[in-house]
Amino acid sequence: MLIDVTEVKKEDRHIEVIATDIADLAMMGFGSVKNCKSVYNALNEKYTHVNFNIIRTKSDLDKIVFRKPDLVFTGIKYVVFNEDKITKNIKGKIWISEYFDNAGINYTGSGKEAIELEFSKDDAKKRVAEFGINTAPYFIAKPGMYKTADELPVSFPLFIKPLREGDGKGIGNDSIIYNFESYQNKVETIHTLFKQSALVEKYLNGREFTVSILGLDFINEPKALPIEITFSDKNLYSKILGYETKKENNEIVIAIENGDIFDSVVSIAKRSFIALGARDYGRIDIIMDENDCLYFLEANLAPGMTQRPNDIDCSYFPRACFINNHITYQETVQEIAEIAFNRMEKTLMQEIEGSY
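Under this note's numbering, think of the first position of the sequence shown as 6, with each following residue one higher.
One or more of the hints may lead you astray.
[What the hints assert, rightly or not] Straight-line C-alpha distance at most 20 Å; calculated SDA-like pairs for lysine to any residue: (1) Lys228 <-> Asp127; (2) Lys207 <-> Glu262; (3) Lys275 <-> Asp297; (4) Lys15 <-> Asn347; (5) Lys117 <-> Glu303; (6) Lys275 <-> Glu295; (7) Lys275 <-> Met293; (8) Lys228 <-> Glu262; (9) Lys39 <-> Gln335; (10) Lys14 <-> Glu340; (11) Lys51 <-> Asn347; (12) Lys207 <-> Ala154; (13) Lys68 <-> Ile27; (14) Lys51 <-> Phe346; (15) Lys51 <-> Met293.
Simulated from the structure, these hints should not be mistaken for lab results.
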């Protein structure tokens, strides 16, 4: 008996996937070179010409421009060359979005302005607040800036984290602050370890949500796919989403069953994404206070893309897509590529129509 096995025809597209293994720059995006390789594998299932690149020098970027791909699928936000120690405040960054914009090459994700807003948590909070979106009261602090508890712009309890870090770095049990001595210690620790200021927010001890965003661009309304992050251990300090908690994958991610909460979380996420001028895809984190009021927490416009054997165990971004739309990791990656292709084609059509 003959079985007709029809090979799936791939789409004729040229895509370059980029990653880097320079210092900790790989963490500032999909999470690792391995994660970028998973993205490459997903794209290779659908498209004819997909290349994988590890960026170590500027010439590596120049070679990609020379090849003139249809799309660069970027898993990093910026690169810095010839530096032994990489910090968020370092000068000489080559912003990936700006580099490919200047070269006229289409790429996935948001432009430089939106990435810079996401990069600085206080600037992101200011921008969304301008659009009428709630954010927790906050201030920026350096060691020695305030001498007594009475001088602090926001009252205890507080939540303190690095101003420019992601992936839960600098967040731990010592991030919840109830007195001035603990405040001083945490601000000093952040300055010592990360060479940057601290973001000090009013502590909101409520439910936490994260929302995957898929959309054409900031002009068109994006699609929002929310999930709730919860914990089996109800201990206060077990609920802190720090670096170790995320790395160990100890948190529980569930669908939002309450329709009113679902709609409210989706609304804030979409409005925040648009307010930041983001495009293509991203993730918006939202928190609830004790009165069930929702607040924008932060944005991640190049969210982690860790793949695991089960789609329900992947990073938050692909996991939210699976929980809400039952699409696999591979399908999520491919949809991001299609969003970027469609955006560029729409832009070209608008330019053609405008020339008449």
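Broken hints, by number: 1, 2, 6 and 15
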